[in-house]
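Enquirer: Chain by chain, the residues run as shown.
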Amino acid sequence: MEQDYGIERRLARCAPELHSRYRDCVVISQKMLSRYVNYFPDFTDHTVLHTLDILELCNQLIGSQIEKLTAEDLYVLLMGALFHDVGMGVSVSDFEQFREVLGFPEPADDNARAWAVRDHHQELSGLYLEKYWRMLDLPNEAYAKAVIQVCRGHRKTDLLDEKNYPPQFEVEPGKTVSLPYLAALICLADELDISAERNVSFLYDVEKMPSARDRREFRKHMAIRRVELTPDRVVVHAWTDDPEIRGGIQDLTAKLRDKLLMCRRVAAERSSFVITQADVVLRMEKAKETEP
Amino acid sequence: MTITKNQNGSHLDLALEGRLDTTTAPQLEAELKQSVDGVTELALDFAGLEYLSSAGLRVLLSAQKVMNKQGSMVIKNVNETIMEIFEVTGFADILTIEG
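From first to last, the protein sequence lines stand for chains L and B. End of the first sequence = 292 in this note's numbering, gap-free, step of one. End of the second sequence = 99 in this note's numbering, gap-free, step of one.
The set of hints was computed from the structure by calculation and includes no laboratory data. All values reported here derive from a predicted model rather than from experimental measurement. Misleading hints may appear alongside valid ones.
Think about it this way: if two alpha-carbon atoms lie no more than 30 angstroms apart in a straight line, the pair counts; the simulated DSBU-like pairs of lysine-lysine are [as the list claims (entries may be wrong)]:
#	chain 1	residue 1	chain 2	residue 2
1	L	Lys31	B	Lys76
2	B	Lys5	L	Lys259
3	L	Lys131	B	Lys69
4	L	Lys31	L	Lys156
5	L	Lys163	L	Lys31
6	B	Lys5	B	Lys65
7	L	Lys286	L	Lys255
8	L	Lys131	B	Lys65
9	L	Lys163	L	Lys175
10	B	Lys65	L	Lys31
11	L	Lys68	L	Lys163
12	B	Lys69	L	Lys31
13	L	Lys131	L	Lys175
14	L	Lys286	L	Lys259
15	L	Lys288	L	Lys156
16	L	Lys288	L	Lys255
17	L	Lys131	L	Lys145
18	L	Lys145	L	Lys259
Every beta carbon over 12 angstroms from chain L, so not counted as near; a handful from chain B, in silico [what the hints assert, rightly or not]:
#	residue
19	Gly9
20	Gly18
21	Asp21
22	Val36
23	Gly38
24	Ser53
25	Leu57
26	Arg58
27	Leu61
28	Val66
29	Met67
30	Asn68
31	Glu87
32	Thr89
33	Ile97
One side only, chain L facing chain B, incomplete, derived with CB under 10 angstroms [said to hold, decoys possible]:
#	residue
34	Asp94
35	Phe104
36	Leu136
Every residue gets a Cβ at the ideal spot worked out from N, C-alpha and C, and that includes glycine.
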């Protein structure tokens with residue numbers, strides 16, 4: 001995948017002060033995200049590599065509309081990309097505190113806690129930001145709220161809910177961000193980051209993973225060579241001989257299509273932006289052999 | 001934020017007072033840039049520091065990288081609030097923190 005971080009460059013040009021605040025948070029995000037390995041040594045990548053993919057995918061989804069995004073939009077989007085998965089790396093004490101807020105029971109053991117973290121991580125990310133937004137030098141509480149909603153919105157959240165995702169959310173007097181569109185971008189980019197590029201095979205010893213479910217999930221990701229965004233559709237390039245994995249990829253493609261259509265609708269109905277891709281197609285074909 | 005500097009040969013003590021955040025971090029960055037040449041032992045005294053944010057953490061990380069090459073850096077007298085920030089951000093693993 002050719003990397004282009006146009007969003008970040010544009011923020012640096014339009015609003016150096018906001019860009020500096022964003023840059024100050026990068027290391028914190030990296031450190032927090034690297035902790036997810038403590039919970040999930042065999043889970044798909046949620047480190048800074050995933051963050052970079054999200055940024056690149058957002059960049060592609062936005063395309064030439066980047067000119068329409070304000071500096072405030074760019075800042076909220078970048079912070080959302082950095083922190084949407086931070087809930088995967090919260091400390092045990094923060095987890096305990098947040099668990100009580102969310103109202104789910106105390107996990108029986110470390111394994112149950114790990115799964116609770118995974119299942120609720122979008123809400124844990126939101127609560128982390130609610131607790132620590134001052135430490136992250138967000139300019140004010142309204143910015144914090146915007147970033148929280150973008151992070152929460154990456155899964156299991158209704159982005160069409162106008163109360164939680166108002167089309168124009170004021171972050172400073174007279175300055176608004178397009179909250180539903182920004183949340184839809186992170187949500188869709190997160191879903192699109194499913195190819196083997198995210199889970200580089202040599203980083204994981206798939207065959208030695210103790211859980212059959214983890215092994216199956218990884219084989220599925222490994223079989224997806226590339227996710228290509230064309231102007232009008234998303235193409236999933238994959239190949240496997242295994243019928244079970246093949247079926248899994250077909251299911252995954254269907255899930256991706258649903259998510260794309262939902263995010264596309266959010267953009268169309270709640271913003272002045274568009275997501276031009278209208279379908280997800282699966283190309284199940286063997287890669288051509290290349291000379292070394 | 002006020003910075004009180006005390007240099008003794010290659011040993012540099014910087015005592016910080018107030019808040020180390022996005023507004024004041026450039027001040028510490030400038031002070032370090034100006035003073036750290038030839039220093040082999042850098043001590044940052046946080047006894048008077050009330051608050052620390054991401055901008056301050058970024059400056060501390062840069063200072064740690066410089067001192068890793070030319071000597072050592074220690075952060076002293078860290079209060080509970082700031083210690084929590086070091087722990088929650090994972091910086092407690094990178095920095096040498098005393099008391």
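Enquirer: Decide, hint by hint, whether the structure agrees.
Expert: Comparing the hints with the structure gives:
1. L:Lys31 / B:Lys76: Holds, at about 22 angstroms.
2. B:Lys5 / L:Lys259: violated, 57 angstroms
3. L:Lys131 / B:Lys69: The hint is violated at about 35 angstroms.
4. L:Lys31 / L:Lys156: Holds: Lys31 (chain L) and Lys156 (chain L) sit about 25 angstroms apart, inside 30 angstroms.
5. L:Lys163 / L:Lys31: violated, 33 angstroms
6. B:Lys5 / B:Lys65: holds, 20 angstroms
7. L:Lys286 / L:Lys255: holds, 23 angstroms
8. L:Lys131 / B:Lys65: Measuring from Cα to Cα gives roughly 29 angstroms; hence the hint holds.
9. L:Lys163 / L:Lys175: Given pair Lys163 (chain L), Lys175 (chain L) holds - Cα atoms ~18 angstroms apart, limit 30 angstroms.
10. B:Lys65 / L:Lys31: Measuring from Cα to Cα gives roughly 16 angstroms; hence the hint holds.
11. L:Lys68 / L:Lys163: holds, 24 angstroms
12. B:Lys69 / L:Lys31: holds, 22 angstroms
13. L:Lys131 / L:Lys175: holds, 24 angstroms
14. L:Lys286 / L:Lys259: Roughly 26 angstroms separates the two Cα atoms, so the pair holds.
15. L:Lys288 / L:Lys156: Distance of about 38 angstroms is beyond 30 angstroms: violated.
16. L:Lys288 / L:Lys255: Holds: Lys288 (chain L) and Lys255 (chain L) sit about 27 angstroms apart, inside 30 angstroms.
17. L:Lys131 / L:Lys145: Within the cut-off at roughly 11 angstroms; holds.
18. L:Lys145 / L:Lys259: The hint holds at about 24 angstroms.
19. Gly9: Correct as stated: the minimum Cβ-Cβ distance to chain L is 32 angstroms, above 12 angstroms.
20. Gly18: holds, 15 angstroms
21. Asp21: violated, 6 angstroms
22. Val36: holds, 20 angstroms
23. Gly38: At roughly 27 angstroms from the nearest Cβ of chain L, Gly38 (chain B) sits farther out than 12 angstroms, so the non-interface label holds.
24. Ser53: violated, 5 angstroms
25. Leu57: Nearest chain L Cβ is 7 angstroms from Leu57 (chain B), so the label is violated.
26. Arg58: Given that some Cβ of chain L is not farther than 12 angstroms from that of Arg58 (chain B), nearest at about 5 angstroms, it is violated.
27. Leu61: violated, 6 angstroms
28. Val66: Label holds. Min Cβ-Cβ 15 angstroms, cutoff 12 angstroms.
29. Met67: holds, 17 angstroms
30. Asn68: holds, 15 angstroms
31. Glu87: Given that some Cβ of chain L is not farther than 12 angstroms from that of Glu87 (chain B), nearest at about 7 angstroms, it is violated.
32. Thr89: violated, 5 angstroms
33. Ile97: holds, 15 angstroms
34. Asp94: holds, 7 angstroms
35. Phe104: At 22 angstroms from the nearest chain B Cβ, Phe104 (chain L) fails the 10 angstroms test, so the hint is violated.
36. Leu136: holds, 5 angstroms
Comparing the model with each earlier hint shows violations of hints 2, 3, 5, 15, 21, 24, 25, 26, 27, 31, 32 and 35; every other hint is respected.
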